[in-house]
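If you want the building blocks of each chain, they are given just below.
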Amino acid sequence: MNTQAQRISEAQAPPPRYPTSALDPGTTAPEFELNTTPDQRVALSAFHGRPVVLVFYPADWSPVCGDQLALYNQLMSEFRRHDAQLLGLSVDGPWCHVAYGKDRNLRFPLLSDFEPKGETAKRYGVYQYGAGVAERALFVLDRGGTIHWSYVSPLGVNPGADGILEALDSLAEQGGRHGDAARPLH
Amino acid sequence: MAMLRVPYTNRDHVKGPARAAVTLVEYGDYQCPYCGQAYWVLKNIEDSFRNDLRFVFRNFPLTEIHPLAMVAAEAAEAADAQGKFWDMHAMLYENQDALDLESILEYGASLDLDTDSMLRDIESHRHLPKIQEDFMGGVRSGVNGTPCFFINGVRHDGPWDVASLSRAIASSRRDTAYAR
Chain A
1 MNTQAQRISE AQAPPPRYPT SALDPGTTAP EFELNTTPDQ RVALSAFHGR PVVLVFYPAD
61 WSPVCGDQLA LYNQLMSEFR RHDAQLLGLS VDGPWCHVAY GKDRNLRFPL LSDFEPKGET
121 AKRYGVYQYG AGVAERALFV LDRGGTIHWS YVSPLGVNPG ADGILEALDS LAEQGGRHGD
181 AARPLH
Chain B
1 MAMLRVPYTN RDHVKGPARA AVTLVEYGDY QCPYCGQAYW VLKNIEDSFR NDLRFVFRNF
61 PLTEIHPLAM VAAEAAEAAD AQGKFWDMHA MLYENQDALD LESILEYGAS LDLDTDSMLR
121 DIESHRHLPK IQEDFMGGVR SGVNGTPCFF INGVRHDGPW DVASLSRAIA SSRRDTAYAR
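Chains A and B supply the protein sequences, listed in that same order.
So the first sequence is numbered by the working numbering: it starts at 1 and just counts up by one.
So the second sequence is numbered by the working numbering: it starts at 1 and just counts up by one.
Here chain A stands alone, though its shape is the one from the complex:
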């Protein structure tokens, strides 16, 4: 399978305090606060109480029709049905995100993992140390901020939305018991 040796060059292995692969289900999702526009910042904790879908991707401005984010934009009603908040994260700066989001009419925030570069991607174990960008990685978090599902797509492959929707379905089936302490178990 996709071992670390294949993905990280020896000269640029992550320092010990970062995970060496994508965080697994059951892990508490690391908190972050990042710019979505030059003036506005968004914190992950602001979305506690709702499922969250984190979409790490290498860069804005990839070709349109094969674009992962265009597909997710098309599926906003599906995500709303699950009460899920979608957040895109790449190392692009906030001005780039503003332009790209406007060009593609994106209806979810793009977060700028710009300074320190890729810090959030590193803490989630999904930074490409050689290329200096995030991997195409997906995380679905439950309402309490615990990772319910994660997936790293092979290099160059757009992962689509089927995994995300299946994860949200299974979260709904579980009734949001993880991290939803107020709701009694049946």
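No lab work stands behind these hints: they were computed from the structure.
Please note: incorrect hints may appear among the correct ones.
[What the hints assert, rightly or not] Straight-line C-alpha distance at most 25 angstroms; calculated SDA-like pairs for lysine to any residue:
#, chain 1, residue 1, chain 2, residue 2
1, B, Lys130, A, Glu78
2, A, Lys122, A, Ser45
3, B, Lys84, B, Pro67
4, A, Lys102, B, Leu68
5, B, Lys84, B, Phe55
6, A, Lys102, B, Pro33
7, A, Lys102, B, Asp97
8, B, Lys130, A, Met76
9, B, Lys84, B, Asn44
10, A, Lys102, B, Tyr34
11, B, Lys130, A, Ser77
12, A, Lys102, A, Phe47
[Claimed, not checked] Simulated restraints on C-beta separations:
#, chain 1, residue 1, chain 2, residue 2, range
13, B, Asp116, A, Gln40, 28 to 34 angstroms
14, A, Glu33, B, Asn95, 31 to 37 angstroms
15, B, Arg11, A, Asp24, 51 to 57 angstroms
16, A, Glu31, B, Thr176, 46 to 52 angstroms
Every residue gets a Cβ at the ideal spot worked out from N, C-alpha and C, and that includes glycine.
Once you have looked at the hints, place chain B on chain A.
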């Protein structure tokens, strides 16, 4: 590996023999320029593989970026209701710069379709449920953009120029031959 989740039914648009060794499914958007390129690639592929290939087209309109994709898809389904899906499919891809309703009705007229009926279908969104079913079936199968190809049920993640797609189809044909 993304796998097709929606098996072929008699509601699908299918070309080629039922017993073909390889089935190629395309999820496409009529306003997508890459799908426009793929249309010509597929003509070439169909000529090369002939009876070894069955081709299925399913709608995957990305309306957020292609606002005319849905009316084009509805027109294709309306033409299907009059038995001329593939003719309309060809006209739409060969005229991607003109997918407004007026042009679409002209295409219908040139194909000797009942354009009143076609217009009624489009305005009433009679075929919208089928298109939406195609779309969500595609999403659940791992369709990640357009065009998206499945060769014998497996999503093709490589390039889809003539040479690359031919190699992938030929490889699938060999696998099927060994399995028999």
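Taking the hints in turn, this is what the structure says about them:
{"no.": "1", "hint": "Lys130(B) / Glu78(A)", "result": "17 angstroms, holds"}
{"no.": "2", "hint": "Lys122(A) / Ser45(A)", "result": "18 angstroms, holds"}
{"no.": "3", "hint": "Lys84(B) / Pro67(B)", "result": "24 angstroms, holds"}
{"no.": "4", "hint": "Lys102(A) / Leu68(B)", "result": "19 angstroms, holds"}
{"no.": "5", "hint": "Lys84(B) / Phe55(B)", "result": "16 angstroms, holds"}
{"no.": "6", "hint": "Lys102(A) / Pro33(B)", "result": "21 angstroms, holds"}
{"no.": "7", "hint": "Lys102(A) / Asp97(B)", "result": "24 angstroms, holds"}
{"no.": "8", "hint": "Lys130(B) / Met76(A)", "result": "20 angstroms, holds"}
{"no.": "9", "hint": "Lys84(B) / Asn44(B)", "result": "21 angstroms, holds"}
{"no.": "10", "hint": "Lys102(A) / Tyr34(B)", "result": "22 angstroms, holds"}
{"no.": "11", "hint": "Lys130(B) / Ser77(A)", "result": "18 angstroms, holds"}
{"no.": "12", "hint": "Lys102(A) / Phe47(A)", "result": "23 angstroms, holds"}
{"no.": "13", "hint": "Asp116(B) / Gln40(A): 28 to 34 angstroms", "result": "52 angstroms, violated"}
{"no.": "14", "hint": "Glu33(A) / Asn95(B): 31 to 37 angstroms", "result": "49 angstroms, violated"}
{"no.": "15", "hint": "Arg11(B) / Asp24(A): 51 to 57 angstroms", "result": "41 angstroms, violated"}
{"no.": "16", "hint": "Glu31(A) / Thr176(B): 46 to 52 angstroms", "result": "51 angstroms, holds"}
Comparing the model with each numbered hint stated earlier shows that hints 13, 14, 15 do not hold.
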